[in-house]
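Colleague: Protein chains in written order, with this note's numbering: chain A, 13 to 271; chain B, -17 to 161.
Watch out, some of these pointers could steer you wrong.
[Stated by the list, open to error] The calculated lysine-lysine pairs, modelled on DSS-like cross-linking and capped at a C-alpha distance of 25 Å, are:
1) A:Lys58 <-> B:Lys(-3)
2) A:Lys64 <-> A:Lys111
3) B:Lys122 <-> A:Lys44
4) A:Lys64 <-> B:Lys107
5) B:Lys2 <-> A:Lys40
6) A:Lys58 <-> B:Lys63
7) A:Lys142 <-> B:Lys122
8) A:Lys58 <-> B:Lys0
9) A:Lys64 <-> B:Lys23
10) B:Lys124 <-> A:Lys40
11) A:Lys44 <-> B:Lys107
12) B:Lys124 <-> A:Lys142
[Unchecked claim] Computed footprint of chain A on chain B, listed as stretches where at least three residues anywhere in the stretch have a Cβ under 8 Å from a Cβ of chain A:
13) 7 to 19
14) 23 to 30
15) 39 to 53
16) 95 to 108
17) 113 to 123
No lab work stands behind these hints: they were computed from the structure.
Backbone N, C-alpha and C define an ideal beta-carbon position, used for all residues, glycine too.
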Amino acid sequence: MLRANELPEDLVIQILLWLPVVSLLRFKSVCKSWYALITNQNFIAKHLLYNKNCNTQLLFKTRDKSNEDYVVSTISHETLQVSLTQPLPPYFELDVDEKFFIFVVGSCNGLVCLHDYLALHEVIWNPATKETKIVPKSNLPRIVPAGCYTRTEGIGFGFDAKTNDYKIINFLNIYNPRLSYYPSKNGVIFQIEVYSLRADSWRKVDGPPCFFSNREIIPGTYINGMASWAAYSNDWEESFLLSFDMSNEDFGRMTPCSL
Amino acid sequence: MANNGENPSPDVGGKTVKLKADDGEIFEVEEAVAMELQTVKSFFDDDGVSYDTVVPLLNVSSTALAKVIQYCRRAVELRAKSGDDEGANEKAREEREGLEAELVREESDEGIKELILAANYLNIKDMLSFLCRAVGDRIKNKSVEYVRRFFVLENDFSPEEEERTRNEVAWAFEGVDAD
């Protein structure tokens, strides 16, 4: 029975949808019905929708001059204003110098995927709720010639809307430490692995032969369910855009038009 | 006819509609303004309801109704001002935001809740939206206790449960406004 001036639940929800995450997390303690309301998946999805910023911002990692620590911030394309700066999540209890080797793979729906280049694994991080999930290392078999290692050449993070799942795709190449550079053959993608957050495990997928770069890990650009990378055919003859559909797990090729 | 002393009599050039608040007070409002209240619009959309019929708004106090009418009247005027001109639109938008801010600024917690319930009952989408946002702004930095008082909610957690819930996100309790 509602007393006078007591707001019904649908109006409470309309008010809660305007609140920032930190307030919502605090108000879970108001009472049991509010706890249930705020942790409800439908409410969380609706809140995300209401708060999706129309202005896409660039996410980047940098060093905070005042305390020399590494932070992640967003910068607006239009105004170049930096905001939402946060230190790397506490999981990374590394020396500041080791934090140099953490980089941002990508982000979507408020989640950020970080890659630890030294420890060779990823972390999925929600900067708003401060939750982190350490992605287990892949235990898929990788059969490489003696004396060689696998290395991540390309990496991507995205959302599969069909199964409401977040995925990481990892393109591995074979690295031969005896050679000081990669001849194109050694740089070719040797195995592609996809991690599903729901399954909390990695799976192999087949993709077209190509490579991205010999020198560094190339993070994919993710938008609307697809991640893309600039890629090259094995013989360097062709350059194209390789795309990966997070839902179908299909690869696509697009030849960029000549300018 | 009764009329809220603060509002001047409408210029009865066009059609008007009579609205009755919960205490029986009658407000005579221009048709265009009355139709902002979707509940009133639906009332007249029914066949055979004459515009002379007094609309009974049993769940709205005269105080709230007066404010709603005042807001809707200004909103209709502002909407008439905006058109194709980008500059005029911008100005109208600013004026509307000023109007919204003015409505909530002086309002007590009880008053704002009454307005939300009225806007909800009368089905005025824009008004309900900005009122919810205003309440959100009002409470976002407040303590859990403040929110319980505002929404008249009982704490049904046991002390242990509450402690555990708070500790899950201890950092979210930093920097909260003093009650």
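Colleague: Given the hinted pair Lys64 (chain A) and Lys23 (chain B), is their Cα-Cα distance within 25 Å?
Modeller: 33 Å, violated
Colleague: Given the hint that Lys64 (chain A) pairs with Lys111 (chain A), test it: the Cα-Cα distance must not exceed 25 Å.
Modeller: 29 Å, violated
Colleague: Against the 25 Å threshold, does the CA-CA distance of Lys2 (chain B) and Lys40 (chain A) hold or violate the hint?
Modeller: 40 Å, violated
Colleague: Decide if the proposed pair is consistent with the structure: Lys124 (chain B) and Lys40 (chain A), CA atoms, cutoff 25 Å inclusive.
Modeller: 13 Å, holds
Colleague: Just to make sure I understand the rule, a stretch counts as covered if three or more of its residues have a C-beta closer than 8 Å to a C-beta of the chain. Does the region 113 to 123 of chain B meet that for chain A?
Modeller: holds (count 8)
Colleague: Check whether the Cα positions of Lys44 (chain A) and Lys107 (chain B) lie no farther apart than 25 Å.
Modeller: Between Lys44 (chain A) and Lys107 (chain B) the Cα gap is close to 29 Å, so the pair fails against 25 Å, i.e. violated.
Colleague: Would you mind confirming whether the straight-line C-alpha gap from Lys122 (chain B) to Lys44 (chain A) stays at or under 25 Å?
Modeller: With Cα atoms ~19 Å apart, Lys122 (chain B) and Lys44 (chain A) stay inside 25 Å; holds.
Colleague: The region 39 to 53 of chain B covered by chain A? Criterion: 3 or more residues, Cβ-Cβ distance below 8 Å.
Modeller: violated (count 0)
Colleague: Just to make sure I understand the rule, a stretch counts as covered if three or more of its residues have a C-beta closer than 8 Å to a C-beta of the chain. Does the region 23 to 30 of chain B meet that for chain A?
Modeller: Coverage by chain A is violated here, the residue count being 0 at a Cβ distance below 8 Å.
Colleague: Is the hinted pair Lys142 (chain A) and Lys122 (chain B) satisfied, with a Cα-Cα distance of at most 25 Å?
Modeller: 18 Å, holds
Colleague: If you count the residues of the region 7 to 19 of chain B with a beta-carbon closer than 8 Å to a beta-carbon of chain A, do you get 3 or more?
Modeller: violated (count 0)
Colleague: Counting residues of the region 95 to 108 of chain B that have a beta-carbon nearer than 8 Å to any beta-carbon of chain A, does the count reach 3?
Modeller: With 5 residues close enough to chain A, the hint holds.
The earlier numbered hints that this structure contradicts are 1, 2, 5, 6, 8, 9, 11, 13, 14 and 15.
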